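Taken in sequence, the protein lines are chains B and W.
Per the numbering used here, residue 1 is the first one in the first sequence, and the count goes up by one each step.
Per the numbering used here, residue 407 is the first one in the second sequence, and the count goes up by one each step.
Derived from the structure by calculation, the hints contain no laboratory data.
All values derive from a computational prediction rather than experimental measurement.
Every residue, glycine too, gets a C-beta built ideally from N, C-alpha and C.
Do not rely on the hints blindly, as some may be mistaken.
[Said to hold, decoys possible] Sample of chain B residues at the chain W side, in silico, Cβ under 8 Å: (1) 171; (2) 179; (3) 180; (4) 253; (5) 375; (6) 378; (7) 382.
[Said to hold, decoys possible] Here are the simulated lysine to aspartate or glutamate pairs, EDC-like style, with alpha carbons at most 16 Å apart: (8) W:469 x B:233; (9) B:63 x W:611; (10) W:469 x B:205; (11) B:397 x W:506; (12) B:405 x W:610; (13) B:405 x W:613; (14) W:811 x B:204; (15) B:405 x W:788; (16) B:63 x W:503; (17) B:397 x W:459; (18) W:803 x B:389; (19) W:811 x B:207; (20) W:803 x B:103; (21) B:397 x W:788; (22) B:397 x W:596; (23) W:803 x B:204; (24) B:288 x B:233; (25) B:397 x W:611; (26) W:409 x W:459; (27) W:803 x B:65; (28) W:772 x W:596; (29) W:409 x W:497; (30) B:397 x B:65; (31) W:811 x B:389; (32) W:803 x B:233; (33) B:3 x B:85.
Number of protein chains: 2
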Amino acid sequence: MNKNIIVGQSGGPTSAINSSLAGVIDMGIKSGAEHVYGMVKGISGLLNEEYVDLGTIINDDEKRELLKRTPSSFLKSCRHRLPDDITGSDEYRKIFEILEKLDVGYFFYIGGNDSMDTILKLSKYAESISSDIKFIGVPKTIDNDLTITDHTPGYGSAAKYIATAMKEIIPDATVYGTSYVTVVEIMGRDAGWLTAASALAKSEDCEGVDLIYLPEFVFDMDEFVEKVRKLQEKKKSLVIAVSEGIKLADGRYVCEFNPDDSSLDAFGHRSLTGTSRFLAHTLNRELKTKSRYIELSTLQRCASHIASLTDINEAYEAGCSAVKAAYNGETGKVVVFERVSAKPYECSTGLADVADIANKERYVPKEWYDHDKCQMMKEYIDYARPLIEGELMPVYKNGVPRHIKL
Amino acid sequence: MNKNIIVGQSGGPTSAINSSLAGVIDMGIKSGAEHVYGMVKGISGLLNEEYVDLGTIINDDEKRELLKRTPSSFLKSCRHRLPDDITGSDEYRKIFEILEKLDVGYFFYIGGNDSMDTILKLSKYAESISSDIKFIGVPKTIDNDLTITDHTPGYGSAAKYIATAMKEIIPDATVYGTSYVTVVEIMGRDAGWLTAASALAKSEDCEGVDLIYLPEFVFDMDEFVEKVRKLQEKKKSLVIAVSEGIKLADGRYVCEFNPDDSSLDAFGHRSLTGTSRFLAHTLNRELKTKSRYIELSTLQRCASHIASLTDINEAYEAGCSAVKAAYNGETGKVVVFERVSAKPYECSTGLADVADIANKERYVPKEWYDHDKCQMMKEYIDYARPLIEGELMPVYKNGVPRHIKL
Chain B
1 MNKNIIVGQS
11 GGPTSAINSS
21 LAGVIDMGIK
31 SGAEHVYGMV
41 KGISGLLNEE
51 YVDLGTIIND
61 DEKRELLKRT
71 PSSFLKSCRH
81 RLPDDITGSD
91 EYRKIFEILE
101 KLDVGYFFYI
111 GGNDSMDTIL
121 KLSKYAESIS
131 SDIKFIGVPK
141 TIDNDLTITD
151 HTPGYGSAAK
161 YIATAMKEII
171 PDATVYGTSY
181 VTVVEIMGRD
191 AGWLTAASAL
201 AKSEDCEGVD
211 LIYLPEFVFD
221 MDEFVEKVRK
231 LQEKKKSLVI
241 AVSEGIKLAD
251 GRYVCEFNPD
261 DSSLDAFGHR
271 SLTGTSRFLA
281 HTLNRELKTK
291 SRYIELSTLQ
301 RCASHIASLT
311 DINEAYEAGC
321 SAVKAAYNGE
331 TGKVVVFERV
341 SAKPYECSTG
351 LADVADIANK
361 ERYVPKEWYD
371 HDKCQMMKEY
381 IDYARPLIEG
391 ELMPVYKNGV
401 PRHIKL
Chain W
407 MNKNIIVGQS
417 GGPTSAINSS
427 LAGVIDMGIK
437 SGAEHVYGMV
447 KGISGLLNEE
457 YVDLGTIIND
467 DEKRELLKRT
477 PSSFLKSCRH
487 RLPDDITGSD
497 EYRKIFEILE
507 KLDVGYFFYI
517 GGNDSMDTIL
527 KLSKYAESIS
537 SDIKFIGVPK
547 TIDNDLTITD
557 HTPGYGSAAK
567 YIATAMKEII
577 PDATVYGTSY
587 VTVVEIMGRD
597 AGWLTAASAL
607 AKSEDCEGVD
617 LIYLPEFVFD
627 MDEFVEKVRK
637 LQEKKKSLVI
647 AVSEGIKLAD
657 GRYVCEFNPD
667 DSSLDAFGHR
677 SLTGTSRFLA
687 HTLNRELKTK
697 SRYIELSTLQ
707 RCASHIASLT
717 DINEAYEAGC
727 SAVKAAYNGE
737 TGKVVVFERV
747 SAKPYECSTG
757 LADVADIANK
767 ERYVPKEWYD
777 HDKCQMMKEY
787 IDYARPLIEG
797 ELMPVYKNGV
807 PRHIKL
C-alpha cells in the first residue's frame with residue numbers, strides 16, 4: 001500500500017502559498033497517496049495531532065480553483081522553531097510517532113527560510129533514526145530573499161500589488177500639482193526586493209516613483225532631504241518608495257526615531273513600522289512641504305485579488321515538483337526555480353540542499369540600483385517584469401472575491 | 407451654431423470620477439457640441455485659461471475605456487473656493503469672460519459638496535448678469551455624504567475595495583490564532599459610510615470584522631478596551647474597523663492622543679491619521695495583546711483596479727444626465743440618484759437644486775448601527791451590497807493596469 005502524504009504551511013502568509021498547497025494535493029493524489037493530510041497550524045499543530053484529510057476537503061475543481069485564489073495560509077500557520085539539539089529533544093520523537101501512526105511517507109512544508117530550518121532538522125533526525133520518510137521544502141516568501149532560487153513563490157504577486165498600488169497612488173498624490181511629498185512604506189526588513197518592485201509602476205502612462213530607498217544601502221537623512229528639495233525645484237508633487245528597514249550609518253533604523261516609540265510593543269518586540277511616517281514629518285518640518293505617508297502594510301502580502309498568474313502557476317508547480325522529488329527518493333531538499341530563458345521568460349524547477357537555503361538571506365544586487373538617482377536599473381526591471389505578468393481573475397460573489405475557509 | 411461644453415473636476419480623487427467625465431464627453435458630442443473643453447485643475451486652472459479640447463484627446467473607444475479605468479482626476483484637481491461675495495469679486499467676471507471667449511453654453515463640474523458650492527455660486531452669478539450659460543454639478547465623493555441622493559458616484563468602488571481588503575486582511579491577521587488585534591483605519595471624518603463598508607466582508611467564507619466604530623457615535627476608550635478584552639476570551643485574533651474621525655465625548659479626536667502630535671503638520675493643519683495606531687498601542691499596553699494597525703490610506707479612493715461596475719456605470723450615467731439636463735435648459739442643479747427598486751436593485755438619475763446639496767452632509771442613520779455589538783445592521787448591508795456589485799476588469803499591460811494620462 002502506498003504511504004500517505006502530510007503537508008503544512010508556516011511563517012507569514014502570501015497570495016501564492018495556497019497554490020503550492022493545491023499543487024501538493026493534486027500531485028499527491030495523482031501519485032497514488034491514499035491520504036493527503038494537512039497539518040493545521042504547521043508543525044506546532046502537528047505536535048498536538050491537529051490535522052485534516054485534504055483529499056476529502058479539496059474534492060472538486062471549484063474548491064481547487066478557490067484554494068488557489070485564497071490569501072493567507074489555508075491550513076493556518078505557526079512560528080515554531082524546532083529545538084537545535086535534534087537528539088536530546090522529545091519533540092522529534094513525538095513528531096515521528098505521529099507520522100508513523102498516520103503512515104506518512106512524504107512530508108512537505110511550505111514556508112520561508114525559517115520553515116526550511118524545520119525541513120533541515122527533520123530530515124537530519126530521520127537520517128539519525130534511519131527513517132524512510134522523505135522531507136521536502138516548498139519555498140514561499142513575498143520577501144524574495146532565499147538563496148539559490150531565481151525567485152520565490154509569493155514575490156510576483158506581492159510585486160504586482162505594489163506596482164499596481166504605486167500606479168494608482170501616483171496620479172492620486174500628484175493631482176493638485178502643489179508642493180506635496182508622499183512617502184510609501186514597503187515591507188522587507190533586510191532585503192529590498194519588494195521596495196524595488198515600486199519601479200515597475202513606471203510606464204508610458206505613469207511617470208513612476210521619484211526616489212526609491214532600499215535597506216541594502218545606508219540611509220543618510222540630510223542627503224535625503226536635500227534630494228527632495230532639489231527635485232521639488234522642478235516638480236512639486238513627489239512620490240517616494242522606502243523600505244521599512246532602512247537604517248542610518250550607525251545601524252539605527254529610521255523608524256526608531258519616532259517620538260512615540262511605536263516600534264517597541266509591550267513585549268519589547270521591535271516592529272519596523274513608522275519609517276515613512278518619520279520621513280514625511282521630517283520633510284514637512286525641514287522643507288515646509290505638505291507630506292503624507294502610506295504604509296502598504298499586510299495588504300501587500302494578502303491581496304490575492306490581484307495575484308500574478310505567473311506566480312500562482314509557478315507556486316503550483318513548486319508544490320507538484322516537491323511531490324515528484326519525494327517520490328523519486330529525495331529528502332532534505334527544497335524546490336528552487338531556475339530561469340531557463342530570460343526573453344521569452346521561461347522558468348523550470350530544480351532542487352537544492354535545504355542546508356544551503358535554510359537561515360540564509362539573499363539581497364538585491366548592488367549593481368541593480370542607481371544610488372545617485374535612487375532608482376532601479378534596467379537589470380532589475382528585466383528580472384522582475386516577467387514575475388508579475390498575467391492575472392488570475394478572482395471568483396466574485398456579492399461584489400467581493402470568494403475564498404475557501406478551513 | 408451649437409454652443410460648446412466645458413467640464414472640470416475638483417476635490418479629492420475617486421475611482422469613478424473619470425467615468426463621469428467620459429459620460430459628459432460622450433453625451434456632449436452626441437448632443438452636437440462642437441467642442442467639449444476640459445478645464446485643467448478645475449476652476450483655478452480655468453482662471454489661468456488652462457484647458458484642453460477633450461474631443462481630440464478622448465477620440466476612440468480604447469481611450470474612452472481607459473478613461474473609465476483611470477484613477478484620480480484625469481483633468482487634475484484643485485481646492486479653490488470662489489469668493490462668497492459674488493458681486494464684488496473679479497473672479498466671476500474673469501471666468502465668464504473666458505467662457506464667452508470659448509463660446510461655452512454648458513458648464514459641468516464633477517466634485518464633492520465643496521465643488522457643488524462652485525456650481526451654486528456660478529449659477530447665481532449667471533442669473534445676476536442674465537447669462538444663458540447652464541451650470542450643472544455631477545457629484546462624486548467616496549464619502550457618500552451628500553444629501554438628497556441615494557448614494558454618490560465613487561462610494562461603491564471605495565466600498566468594494568474596503569470590503570475586499572478586509573476579506574483579505576482577516577485571514578491574514580488571524581492565521582496564527584494567537585492573541586493579536588488588528589485595527590484597520592478607514593477614511594471618513596464625520597460620516598461613517600466607508601467604515602461601514604467593512605461589514606460587507608462578512609460571508610460564508612469570512613467571519614467578518616469583530617467590531618466597527620463609526621464617527622457618528624461617541625467613542626469611549628474604556629468601553630472599547632473592555633469590549634476587546636471580553637471578545638478575546640473567546641477568540642484570540644480580532645480585526646476591528648475604525649473611522650479615522652472617531653471622537654471622545656469631549657470632542658477630541660482619538661488620533662490627537664498620539665504623543666508625536668503627527669496630526670498637526672508644519673502649517674498647523676490637522677490630519678486625522680493615527681487613530682488605529684493609537685488604539686493598537688492602547689490595546690497592546692492595556693491588555694498585553696499583540697496588536698497591529700493598518701491604515702487603508704488613499705488606496706481606498708484610488709484602487710481603480712477593483713472598481714465596482716455598478717459604480718462606474720452609474721458615474722457614467724450621471725455625466726450623461728448632467729448634459730441632458732443642461733440641454734433641457736436646467737441650471738443650478740446637481741444630478742442625484744434615486745433608488746427605484748431595492749430588490750432587484752434599480753437606480754435612476756434625477757436633479758436636485760444645488761443649494762440643497764452644497765455644503766451639507768449626510769450621515770449613516772443611527773438605526774443602521776448596532777451600538778451594543780458594534781456591527782452594521784441588515785438595513786445597511788441591503789443598502790450597500792448592490793453598490794459594490796460587478797467588476798470592470800482592468801486592461802493589463804506588462805503586468806499592471808493601464809490608464810490614460812493627460
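Hint by hint, here is what the structure shows:
1. A distance limit of 8 Å between C-beta atoms decides the matter here; for residue 171 of chain B the minimum to chain W is near 4 Å, and the interface restraint holds.
2. The beta carbon of residue 179 of chain B is not positioned within 8 Å of any beta carbon in chain W (closest approach about 11 Å), and the interface hint is therefore violated.
3. A least Cβ separation of about 11 Å between residue 180 of chain B and chain W goes past the 8 Å threshold, and the interface hint is therefore violated.
4. Hint status for residue 253 of chain B: violated, given a least beta-carbon distance of 16 Å to chain W, over 8 Å.
5. The closest approach between the C-beta of residue 375 of chain B and any C-beta of chain W is roughly 17 Å, which is over the 8 Å cut-off, so the hint fails.
6. Hint status for residue 378 of chain B relative to chain W: violated, with the closest Cβ pair at about 14 Å, above 8 Å.
7. Residue-level restraint check for residue 382 of chain B is violated (minimum Cβ-Cβ distance to chain W is 12 Å; threshold 8 Å).
8. With a C-alpha separation of about 32 Å, the suggested pair residue 469 of chain W and residue 233 of chain B falls outside the 16 Å cut-off, and the hint is violated.
9. Taking the CA atoms of residue 63 of chain B and residue 611 of chain W, the gap is near 12 Å; set against the 16 Å cutoff, the hint holds.
10. Only pairs whose Cα atoms come within 16 Å are accepted, and residue 469 of chain W paired with residue 205 of chain B is accepted, the gap being roughly 12 Å.
11. With a C-alpha separation of about 50 Å, the suggested pairing of residue 397 of chain B with residue 506 of chain W is violated against the 16 Å cut-off.
12. Distance hint between residue 405 of chain B and residue 610 of chain W is fulfilled; the C-alpha atoms sit about 9 Å from each other, no more than 16 Å.
13. For the suggested pair residue 405 of chain B and residue 613 of chain W, the alpha carbons sit about 10 Å apart, so the restraint of at most 16 Å is met.
14. The straight-line distance between the Cα atoms of residue 811 of chain W and residue 204 of chain B is roughly 9 Å, inside the 16 Å bound, and the hint therefore holds.
15. In summary, the hint linking residue 405 of chain B to residue 788 of chain W is not supported, as the alpha carbons are separated by about 24 Å, beyond the 16 Å threshold.
16. For a cut-off of 16 Å, the pair hint linking residue 63 of chain B to residue 503 of chain W is broken: about 64 Å separates their Cα positions.
17. As the CA atoms of residue 397 of chain B and residue 459 of chain W are separated by approximately 41 Å, the hinted pair breaks the 16 Å bound.
18. For a cut-off of 16 Å, the pair hint linking residue 803 of chain W to residue 389 of chain B stands: about 8 Å separates their Cα positions.
19. The hinted pair formed by residue 811 of chain W and residue 207 of chain B meets the criterion: a straight-line CA distance of about 10 Å does not exceed 16 Å.
20. Proximity of residue 803 of chain W to residue 103 of chain B is assessed by CA-CA distance (about 48 Å); at most 16 Å being required, the pair is judged violated.
21. About 15 Å separates the Cα atoms of residue 397 of chain B and residue 788 of chain W, which keeps this hinted pair within 16 Å; it holds.
22. For the hint linking residue 397 of chain B to residue 596 of chain W, the alpha-carbon distance of about 30 Å lies beyond 16 Å, and the restraint is violated.
23. For the suggested pair residue 803 of chain W and residue 204 of chain B, the alpha carbons sit about 10 Å apart, so the restraint of at most 16 Å is met.
24. In summary, the hint linking residue 288 of chain B to residue 233 of chain B is supported, as the alpha carbons are separated by about 13 Å, within the 16 Å threshold.
25. Only pairs whose Cα atoms come within 16 Å are accepted, and residue 397 of chain B paired with residue 611 of chain W is accepted, the gap being roughly 11 Å.
26. Distance restraint check for residue 409 of chain W and residue 459 of chain W: the Cα-Cα separation of roughly 14 Å lies within the 16 Å cut-off, and the hinted pair is therefore satisfied.
27. Under the criterion of a C-alpha separation no larger than 16 Å, the hint pairing residue 803 of chain W with residue 65 of chain B is inconsistent with the structure, at around 24 Å.
28. Taken as a hint, the residue 772 of chain W and residue 596 of chain W pair is honoured in the structure, with Cα atoms around 13 Å apart against an allowance of 16 Å.
29. Pair hint residue 409 of chain W plus residue 497 of chain W does not hold up; C-alpha atoms about 22 Å apart against a cutoff of 16 Å.
30. With a CA separation close to 14 Å, the supplied pair residue 397 of chain B and residue 65 of chain B stays within the 16 Å bound.
31. About 22 Å separates the Cα atoms of residue 811 of chain W and residue 389 of chain B, which puts this hinted pair outside 16 Å; it is violated.
32. About 32 Å separates the Cα atoms of residue 803 of chain W and residue 233 of chain B, which puts this hinted pair outside 16 Å; it is violated.
33. With a C-alpha separation of about 28 Å, the suggested pairing of residue 3 of chain B with residue 85 of chain B is violated against the 16 Å cut-off.
Figure legend: structure checked against the earlier numbered hints; hints not met, in rising order: 2, 3, 4, 5, 6, 7, 8, 11, 15, 16, 17, 20, 22, 27, 29, 31, 32 and 33.
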